[in-house]
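Visitor: Take the sequences, apply the hints, and build the full model.
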Amino acid sequence: MKPLRILCAVLAALLLSACAQASPPPAREPEDLAAAPEEETAITPEEGAAILEAQLGTVDAATGNAMSYGYEGTLTLDGVDYYNYRVSWLVNGDHLSYLTNYLVSTDGLVVQEYLPETG
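Those letters in the sequence shown? Residues -22 to -1, 1 to 97, per mature numbering (1 follows the signal peptide of the UniProt record, and there is no 0), in order.
FYI, nobody ran anything at the bench for these hints, they're computed from the structure.
In this text, all values refer to a predicted model and were calculated from it rather than measured experimentally.
Some hints could be false.
FRET-style restraints, in silico, Cβ to Cβ [what the hints assert, rightly or not]:
| hint | residue 1 | residue 2 | range |
| --- | --- | --- | --- |
| 1 | Thr19 | His73 | 33 to 41 Å |
| 2 | Tyr76 | Gln33 | 16 to 24 Å |
| 3 | Gly35 | Gly57 | 26 to 34 Å |
| 4 | Asp85 | Gly42 | 27 to 35 Å |
C-beta atoms are modelled at their ideal positions from N, C-alpha and C, and glycine is treated no differently.
Guide: Here is the structure:
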């Protein structure tokens, strides 16, 4: 009879151990969720220029002019923050010829041409 009690005690201990390991973690309180750090996804203006350079290139194939990407600041369109870049050619190595503007979202996921309103 004693071996049966030992076996039952061992099985009970194993069952309790298995249940403890299978239990989900305790629920987080709303205050804990607010304190959780958000994942940082913002890029720098320099990284935005690198994205433009990767997509548009460093030299215009048709003219041979070097491409220039000048950071002009940030702006918000439809609730999305963008870095604004003035895109130009470097002509004959001595002056810039303006082409257009491009926007790169601050998360680096959206790149689009942008024509600023002229007043």
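Visitor: Could you check the hint for me, namely that Tyr76 and Gln33 are 16 to 24 Å apart, CB to CB?
Guide: holds (19 Å)
Visitor: Given the range 27 to 35 Å, decide if the beta-carbon distance of Asp85 to Gly42 lies inside it.
Guide: holds (34 Å)
Visitor: Range hint 33 to 41 Å: satisfied by the CB atoms of Thr19 and His73?
Guide: Distance hint for Thr19, His73 holds at roughly 37 Å.
Visitor: Check the following: the C-beta atoms of Gly35 and Gly57 are separated by a distance inside 26 to 34 Å.
Guide: Between Gly35 and Gly57, where Cβ atoms are some 31 Å apart, the hint holds.
Every hint from the earlier list agrees with this structure, and none is contradicted.
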